[in-house]
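Peer 1: Residue numbers (the working numbering), protein chains in the order written: chain A, 1 to 337; chain B, 1 to 337; chain C, 1 to 337; chain D, 1 to 337.
Bear in mind the hints are in silico, worked out from the structure with no lab data behind them.
Hints may be right or wrong, so weigh each one.
As a list, the in silico PhoX-like pairs of lysine-lysine whose alpha-carbon atoms are at most 20 Å apart [as the list claims (entries may be wrong)]:
1) K260/A - K61/D
2) K325/B - K93/D
3) K325/B - K325/D
4) K61/C - K260/B
5) K325/B - K327/D
6) K327/D - K327/B
Chain C side only, calculated, beta carbon under 7 Å to chain D, not exhaustive [claimed, not checked]:
7) T134
8) L166
9) F191
10) T192
11) M210
12) M211
13) E222
Backbone N, C-alpha and C fix where the C-beta goes; we use that ideal spot for every residue, glycine too.
Number of protein chains: 4
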Amino acid sequence: MIIVMRRGAPPEQVEAVRQRILAMGFKAHLSQGEEQTLLGVIGDERRLSAGVFEILPGVEKILPILKPFRMASRDFHPSDTVVQVGAERVGAKGVAVMAGPCAVESYEQTLAIAQAVKASGVRILRGGAYKPRTSPYAFQGLGPKGLEILSAVRKELDLKIVTEVLTPSDVELVCRHADLLQVGARNMQNFTLLAELGKASKPVLLKRGMMSTLEELLMSAEYVLSNGNPHVILCERGIRTFERYTRNTLDLSAVPLLKKLSHLPVIVDPSHATGVKDLVGPMSLAALAAGADGLLIDVHHLPEQALCDGAQALLPADFADLVGKLKGVATAVGRTL
Amino acid sequence: MIIVMRRGAPPEQVEAVRQRILAMGFKAHLSQGEEQTLLGVIGDERRLSAGVFEILPGVEKILPILKPFRMASRDFHPSDTVVQVGAERVGAKGVAVMAGPCAVESYEQTLAIAQAVKASGVRILRGGAYKPRTSPYAFQGLGPKGLEILSAVRKELDLKIVTEVLTPSDVELVCRHADLLQVGARNMQNFTLLAELGKASKPVLLKRGMMSTLEELLMSAEYVLSNGNPHVILCERGIRTFERYTRNTLDLSAVPLLKKLSHLPVIVDPSHATGVKDLVGPMSLAALAAGADGLLIDVHHLPEQALCDGAQALLPADFADLVGKLKGVATAVGRTL
Amino acid sequence: MIIVMRRGAPPEQVEAVRQRILAMGFKAHLSQGEEQTLLGVIGDERRLSAGVFEILPGVEKILPILKPFRMASRDFHPSDTVVQVGAERVGAKGVAVMAGPCAVESYEQTLAIAQAVKASGVRILRGGAYKPRTSPYAFQGLGPKGLEILSAVRKELDLKIVTEVLTPSDVELVCRHADLLQVGARNMQNFTLLAELGKASKPVLLKRGMMSTLEELLMSAEYVLSNGNPHVILCERGIRTFERYTRNTLDLSAVPLLKKLSHLPVIVDPSHATGVKDLVGPMSLAALAAGADGLLIDVHHLPEQALCDGAQALLPADFADLVGKLKGVATAVGRTL
Amino acid sequence: MIIVMRRGAPPEQVEAVRQRILAMGFKAHLSQGEEQTLLGVIGDERRLSAGVFEILPGVEKILPILKPFRMASRDFHPSDTVVQVGAERVGAKGVAVMAGPCAVESYEQTLAIAQAVKASGVRILRGGAYKPRTSPYAFQGLGPKGLEILSAVRKELDLKIVTEVLTPSDVELVCRHADLLQVGARNMQNFTLLAELGKASKPVLLKRGMMSTLEELLMSAEYVLSNGNPHVILCERGIRTFERYTRNTLDLSAVPLLKKLSHLPVIVDPSHATGVKDLVGPMSLAALAAGADGLLIDVHHLPEQALCDGAQALLPADFADLVGKLKGVATAVGRTL
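Turn these sequences into a full structure, and let the hints guide you.
Peer 2: Here it is as structure tokens:
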């Protein structure tokens, strides 16, 4: 941490800041510039709050040096982490395509879509039993009954399941039915939930909040990791911007950046990012080319009857076509699918 | 809801959309423009998901007409709602100033600050027992012990308490110690928590999420209202933008807009919005001038020792000065303080 | 255009709006919903300003129906436009890779980089003679001397030149030295410049402003097209968001969206979008996979001595490697390079 | 400037960076942290481009220390600058209210509105002769004829004129008719125009771009100042965010921040910021309370016939009411009006 003193700050103020650094158990390093004086704080600044110094007389600003995340950092764990979801190894050479309906609506619907995506080679079925919805009047998911449907389909088709968990008290129940626990964008900073997932027995799929920086995403991963669960997959799903033709703006540069900053696998959800069916294909191909370790894609056999987000769902036939194209791009960038 | 057909969409597609509208129990109204055909959906569109029509062949886009919030809307409840927090009536002519430390750190700290703000006329003490923090390594609040400290200070000084609740399972406990339950920005779309607060016995202070539109804020209020709790206060606390000199960008036009769209009281938190002590005074005065029904201000007697957000806390003496200026502006805009 | 009347607006207000529509030479279409009344304006709404109706008593809001761009629209020109820059056909099956230094610094520097990129197959050299810089104290480009250097290198190596023009009075001069006239992000809404370029003899490369919606980009293209120059290439180069690890957020969903809304070719500038050398490769591959018709890439043989944006420039050897990978992805998505 | 080396960067890399600093004529200051090594660059970093170092092996990131603006900075000029526009002193104790139509439409319209605002005490008339419009099909202003109308009204009513100039070649002409030259939001980084205005004989009103940080605004002011014109007024007019109820988000914290960072006067345009007539009053009052030195307000006597932005214009009677309220708030914060 570097403390920048105001231009013309008198020596007494500089000294007072230096004494405060020492009093907190750090070493201080003075650097006299031509216009301004700097004080370096030597030690583990992650234990410090910037506000402690910002408030002192004569201080202009604080510049953090160290990355605030530690266990999520590639410095901490240089090799790639591979998260195992059944036989699927997310973060290895093979690209993991997870697909299925946005929401579980019935056994028949889930089974039909699951059969279709399995036929295209998918081994992890997505489907929401709990749906966080902006409106209290919208369909909120089938809840526990939805989980049971997922379990039944999992058994019947030998698929693995990824599904969302909304609140700490549901974690145990969802763990019994799911192979991968999804934290949605709106819950990325639900720290109580993250801490609970740190104690869970299943891997976690952590979606980036629509207003969250990559640093905040990695800090949320840090909550899970530091509470004891090392199996975290990161997911880029679009951030909120001023652009209105898409629901969110898919930030694909997040993929190579996260891979550089962290050892955790990174997947992309082009369906929720764009909210537009026609963009799912191009953005899936682009995500793979950018280095994504997997994709999360909405598929529905009767999208015009979907209870949730039908406008972004691919038909099974379109999804099968897309998988064919994805194989071509995967090969071109040295991956398999 | 208006369904806009693509330029050149054939009559069969238009008819199919019309049939679908009728099949869902709505009336359809056809409007033939020079370039494009429109179909109006007559009925309560809040029951409808736009995706149901977006997916149909020939449809270009969907334009919602009705506001999606109902109980939060001024159409539904034309007169101002006044929320009672003890003797303080939030949303009436008097401006409610809530102040106190960001976090409860100890009984002595809380008592000292509470005495100071009470001396300036404050009747509602703020203070966090549960602190949602970006980093798992930062001070997370004293939890239940913090609530007990608040209760003790409340009793000792005859103040009312506003404090944050993070997760549904804590609602009951926090209700026992607090007079006003705060939902923080990161939890504005924690729908499980909102539904639980709809059944709580205390009023709710709902902060706008840093990435949330005003419509989404009102929809979150709708979760509380529609679950049975009519006592909701809205709070603007800054949104996330590209500007970097402030932590967030305080959106004061939200104040008159929310007062126009809704009957609920609106307060402003200039401390968390800006994150900069020097801006709290000007932004507090501006908030009052814009029509805010109250303020939520961080005060700390030893900000350089604060465990959380010291850089934005006012000293008691500066706060007392500010209250004096606030009285002047309140009078100028026909309010009292 | 749909005019939405307020809930409970009396019939006289509705009638007054209807009369105003008729008085302006449009037809009016009344639609009575359950809660609100709508009035459709039949005719070419592009001639109308929404404000004309917004101000009338009883009006709640205005919903535009027609896209405000016309000549840039795919409705107007259904087949793809191919823009010819010398022998290079931008917008056809072949992907156009334009590369070179951010700024022209000297004849030697420009020649050395031009030779390197030509060796990798590049036929259009980029290089700035006029550099718009945030700081008045930063290097502002060589100006006319830079144009002469570009002309000399063009002749020597038989390359085509794309370079930026900043102000209307320079258009004629830049036209004499360049084959493709670049409008930078900060000038995307410099309408005086756009109108002048509409009369220019060379094609235009129009970069998206960092705060501009796709609709605004297409409206700026419309300025060039409607002033008489049909040769416009659109360029996505990142938008401004809250994310801080990258300079801007590259919005790749803009590529398929622009191709759908418009007939104009779309290229991507991953260098300026990210500002980070290590991200240029992955984002170039992703842009191709998303359907881009070309790329604009910064290359510098001595980036640590570059006078402008060295941190984002690829070394010639890294660029050559990237071209190899781009060929693989191009093939996978049915393009050539 | 601080150069942060990567964790584990070998001593040779640190030494190479140090040599590079020295070779560029600066002093280097080494600081060895527990995890990372830092190098301070001692000297005037404004002469440096960060990219020069970012590209060197082993460098993780660059942290600028000095503010990049100099002449605009309060460090450079500690006392408040007062800009004289006729008898009106902008930046002194009196608040300057500038008002008038968005666009000059005719002599009669301009005169009528000018008379009305003069009756409310306004001494500076606003009115656009050149209108930058998103659409090439929208009214673009009367141009030189508009300037002549403004001149005639100025003479007739003894008012001062503020009007926009769009392009460098118009500066001289606009100077002959205007007392204050406005640079619009879309031109805030039209550096050719700013440099030209640095040589102009009239003061400049510089509006913040809708995507511009405060630092960029001050850098644009620096263009004018460093080219020789010390008379610059800054104007906050809203920034682009995700919120959709307002056209832009008025960032009032910019007012106290700019006053702290710079000595230049700061005014606010609530009309263009919000785009909504009903918000102009509350936001004007709030701007004054936040410390603004003036306001720029759209007034129109026949807003439903306005050729531009009628929806945000106040009627003369509403404007007169607002001026009354503004006087109350001005008094409350120690200003006059």
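Peer 1: Among all the numbered hints in the text so far, which are the ones the structure does not match?
Peer 2: none
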